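2 protein chains.
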Amino acid sequence: MEILLIKDALVVPMTAKEGACKSFQASVGVVGNRIVLVSDEVDVVSSFLDKHPDCRIMDGSGKALLPGLINTHCHAAMTLQRNHADDIPLMAWLNDHIWPFEARQTKEDIALGMTLGMAEMLLGGVTSFVDMYFEEDHCVEVVDRMGMRAVLGCSYFDATIDEVLQSAERAVKAAEGKERIRISIAPHAPYTVSEENLQRGKRFAEEHGLDYMVHAAETQDELNYVADKYATTPVRLLDRLGVLDQRTILAHCVWVDQEEMALMRERGVTVSHNAQSNMKISSGVAPIAEMLREGVCVTLATDGSSSNNDLDMWEEMRSAALLQKVTTMDPLKLPAYEVLKMATVNGARAMGHEGELGVIREGALADLILIDLEKPHLQPIHDPVADLVYCGKASDVDTVIVDGRVVVENRQIKGLDLKALYRQVADSVHRILKIQKKDL
Amino acid sequence: MEILLIKDALVVPMTAKEGACKSFQASVGVVGNRIVLVSDEVDVVSSFLDKHPDCRIMDGSGKALLPGLINTHCHAAMTLQRNHADDIPLMAWLNDHIWPFEARQTKEDIALGMTLGMAEMLLGGVTSFVDMYFEEDHCVEVVDRMGMRAVLGCSYFDATIDEVLQSAERAVKAAEGKERIRISIAPHAPYTVSEENLQRGKRFAEEHGLDYMVHAAETQDELNYVADKYATTPVRLLDRLGVLDQRTILAHCVWVDQEEMALMRERGVTVSHNAQSNMKISSGVAPIAEMLREGVCVTLATDGSSSNNDLDMWEEMRSAALLQKVTTMDPLKLPAYEVLKMATVNGARAMGHEGELGVIREGALADLILIDLEKPHLQPIHDPVADLVYCGKASDVDTVIVDGRVVVENRQIKGLDLKALYRQVADSVHRILKIQKKDL
Chain A
1 MEILLIKDAL VVPMTAKEGA CKSFQASVGV VGNRIVLVSD EVDVVSSFLD KHPDCRIMDG
61 SGKALLPGLI NTHCHAAMTL QRNHADDIPL MAWLNDHIWP FEARQTKEDI ALGMTLGMAE
121 MLLGGVTSFV DMYFEEDHCV EVVDRMGMRA VLGCSYFDAT IDEVLQSAER AVKAAEGKER
181 IRISIAPHAP YTVSEENLQR GKRFAEEHGL DYMVHAAETQ DELNYVADKY ATTPVRLLDR
241 LGVLDQRTIL AHCVWVDQEE MALMRERGVT VSHNAQSNMK ISSGVAPIAE MLREGVCVTL
301 ATDGSSSNND LDMWEEMRSA ALLQKVTTMD PLKLPAYEVL KMATVNGARA MGHEGELGVI
361 REGALADLIL IDLEKPHLQP IHDPVADLVY CGKASDVDTV IVDGRVVVEN RQIKGLDLKA
421 LYRQVADSVH RILKIQKKDL
Chain B
1 MEILLIKDAL VVPMTAKEGA CKSFQASVGV VGNRIVLVSD EVDVVSSFLD KHPDCRIMDG
61 SGKALLPGLI NTHCHAAMTL QRNHADDIPL MAWLNDHIWP FEARQTKEDI ALGMTLGMAE
121 MLLGGVTSFV DMYFEEDHCV EVVDRMGMRA VLGCSYFDAT IDEVLQSAER AVKAAEGKER
181 IRISIAPHAP YTVSEENLQR GKRFAEEHGL DYMVHAAETQ DELNYVADKY ATTPVRLLDR
241 LGVLDQRTIL AHCVWVDQEE MALMRERGVT VSHNAQSNMK ISSGVAPIAE MLREGVCVTL
301 ATDGSSSNND LDMWEEMRSA ALLQKVTTMD PLKLPAYEVL KMATVNGARA MGHEGELGVI
361 REGALADLIL IDLEKPHLQP IHDPVADLVY CGKASDVDTV IVDGRVVVEN RQIKGLDLKA
421 LYRQVADSVH RILKIQKKDL
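Protein chains in written order, with my numbering: chain A, 1 to 440; chain B, 1 to 440.
Quick caveat, the hints were computed from the structure, so don't treat them as lab data. Possibly wrong hints are sitting among the right ones.
The list treats identical chains as one, so a pair stands whether inside a single copy or across any two.
[To be verified] Quick list of in silico lysine to any residue cross-link-like pairs, SDA-like style, CA-CA up to 25 Å:
| id | residue 1 | residue 2 |
| --- | --- | --- |
| 1 | K107 | S167 |
| 2 | K419 | D383 |
| 3 | K178 | M1 |
| 4 | K178 | G355 |
| 5 | K375 | D398 |
| 6 | K22 | E374 |
| 7 | K419 | I57 |
| 8 | K229 | D239 |
All of these numbers come straight from a predicted model, not from anything done at the bench.
Please put together the full structure from these sequences, using the hints given.
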């Protein structure tokens, strides 16, 4: 059990219920996986040191201490397909590139892609992520080894529901006793999974005490499809099927109306906003500012690297804020504190830790990141939150602590040989593309 | 005179006239301020080494070599006001924060802010910038010292034209013999400078052989003002005044119609697109993809740190591309190569070096940047240009060469003590805000 004292950092606590809360210079103590001390009083800090004379001391001066960022929707293994096919029409992208690639990758390739994705996330200050992909049972071990907090969503289409629910059972077993890892059931979308199978996944989730997630209302095509087939909208359809509740994450929600927002608030659904992905593949602009005003729990996410093309939550914060401002023509929309809250406080609900994750207060889970403020693009510091949200970058993250364990220090991921990982990734990609070419 | 050989880098030459050009492994030789060699042939590289046995060799393996990025519109000194006032209405921002701050800063403060801005730009791979601010004559020396290439735009309102044109004369003298630095005349905007003074600045520019730049068609308010006062649009007004030609940069051009695009192309005007600034202060979305299709020379820029809030051209490339895709609902718009061209090839025109800057070919000016590709967010490398544009970050820039001189190496700016600079900046800001408080 590690005991840590982070001394004299600029703490951004994210504990305000309404409005923005002030950041302040303080020291933060961690025992096991919990924050046990947040104080700027010399006496209090001294008595912590007296009590824990062997604790590890980290210097926080010149640094900001934030809750770890929470990425509530990604397909981490798809980093193998980063920049594999860009700037082409959606159906050509899927038919000619993404799907043939996926058909030829092995479980080992997927675990490798996920490792690369996690390396990127950790170095960018992401401590928790919600994943959605295939072979998640095979990934429990690599997620555990990397030390991240994760919800692994077992994704299915109609044709694959049987095998995926079996894989989900194996994943649940593999995750037993691993407190940082939860398993979730993840039907692909209302336009690719039947009503029956959307419900069957939910029943399975309830029986096993699991979360549930689904892509919803992402594109106008989906809207048209659901209107034609079910004479309703994606969110209303999901509600009619009884799958919307506090354990459900809806990814995207670009095309939702006022009444659906009220519905999502009532059901306690978590929305995952993917600003850059929605922009890049021209899905549209989700009405995030409105959803937040309506009381919907909106979180922030990167989506997969094949459509984004990275897993960078700093860019996602900035893009989300700027996109709301320009599309509503109101520079007051989605201010810096609000968007940082989406990436921390709100994200905690998606992780099943509402109130005890994404904040820095005594008793909360110790997922923390130290940001080096001594960079030209972060100086001078007029307003720390605006500084971090509008100017902070993944590369400013110096130290990452997950569940009380130091996983990144001085921008090095402990126990991971990155150069070896790049070689393995290159080999995998080379092999996959070779098969693909031969077969086409 | 420095002689350099960058060995075995992944060269992204940006030399294609139409479509995208391939990147390739090659070595690049620099003598004085020019690229004299671009070759992947062992014999050719050997003979360069025989001819220049004392040349400095840089290892380009695992790195991409790009033309330095060109930021065609910024107010570099405004980095002092970074995050000074965000998420508030425009007029409160100007009246209560920006203008009182500016009224109290000295020439020394401005030079300091510009130094910080240049430090940020250099570390982000920006080798050239076009500035627009006050006291530019006082900044010639610091720009020269930092080793950057710059066009310094002396900015005026009606009330300040006399003193600014005098300052411009001093700036021209100060820049004599400094080939990297050009002086430009920069009336603020059609809604803040009279017709007479817009023309007077142009005449002055012509008499002195200088460039000319002006904010134009940035907001709907400006459109309304110009419609009320002149019964026309900003771009048409400027054309009527005879100030549009190949030596004119129009910053923003958010609100322009098809006919104005044709006009801009005919006049040979350079447009500076500021995606993130336009988003953050809710100016609107400039029809960049359309302008490019119409043959307008569109370049890329950050605007000032008080509205952006940084000077990061990598984010600007990404934001420009993504914003066009989502607002046109067409994922094919502004592909990666096109946007990299805006930031390099097209930007060269704004610097007065069309065709010999922003490209890597023998004979071109040696403004070059080396990007470290061995980062998780840049792996695997399926398509180098998409990789750089969609995933590359300022912090991936390892080495920066301007005009043949190595100014940044291993992410260190030569001869600049950053910590001392941060302290000076903090002191300046502290002093300025104290005066401000007392006087309000």
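Here is how each hint holds up against the structure:
Taking the shortest alpha-carbon separations for K107 and S167, only the intra-copy value of 12 Å comes in at or below 25 Å, while the best inter-copy value is 67 Å. For a Cα distance limit of 25 Å, the shortest separation of K419 from D383 across copies, 19 Å, qualifies, whereas the shortest one inside one copy, 38 Å, does not. Taking the closest pair of Cα atoms, K178 and M1 come within 25 Å of each other only inside a single copy of the chain (16 Å); across copies the shortest separation is 62 Å, beyond that limit. Proximity of K178 and G355 under a CA criterion of 25 Å is satisfied intra-copy only: 21 Å inside one chain copy versus 59 Å between copies.
Taking the closest pair of Cα atoms, K375 and D398 come within 25 Å of each other both inside a single copy (12 Å) and across two copies (15 Å). Only within a single protomer do K22 and E374 lie at most 25 Å apart by alpha-carbon distance; the minimum there is 20 Å, versus 38 Å between protomers. Proximity of K419 and I57 under a CA criterion of 25 Å is satisfied inter-copy only: 24 Å between copies versus 30 Å inside one chain copy. In this homomeric assembly, K229 and D239 come within 25 Å of each other (Cα to Cα) only inside a single copy, at 16 Å, whereas the closest approach across copies is 55 Å.
Hint compliance for this structure: every hint is met.
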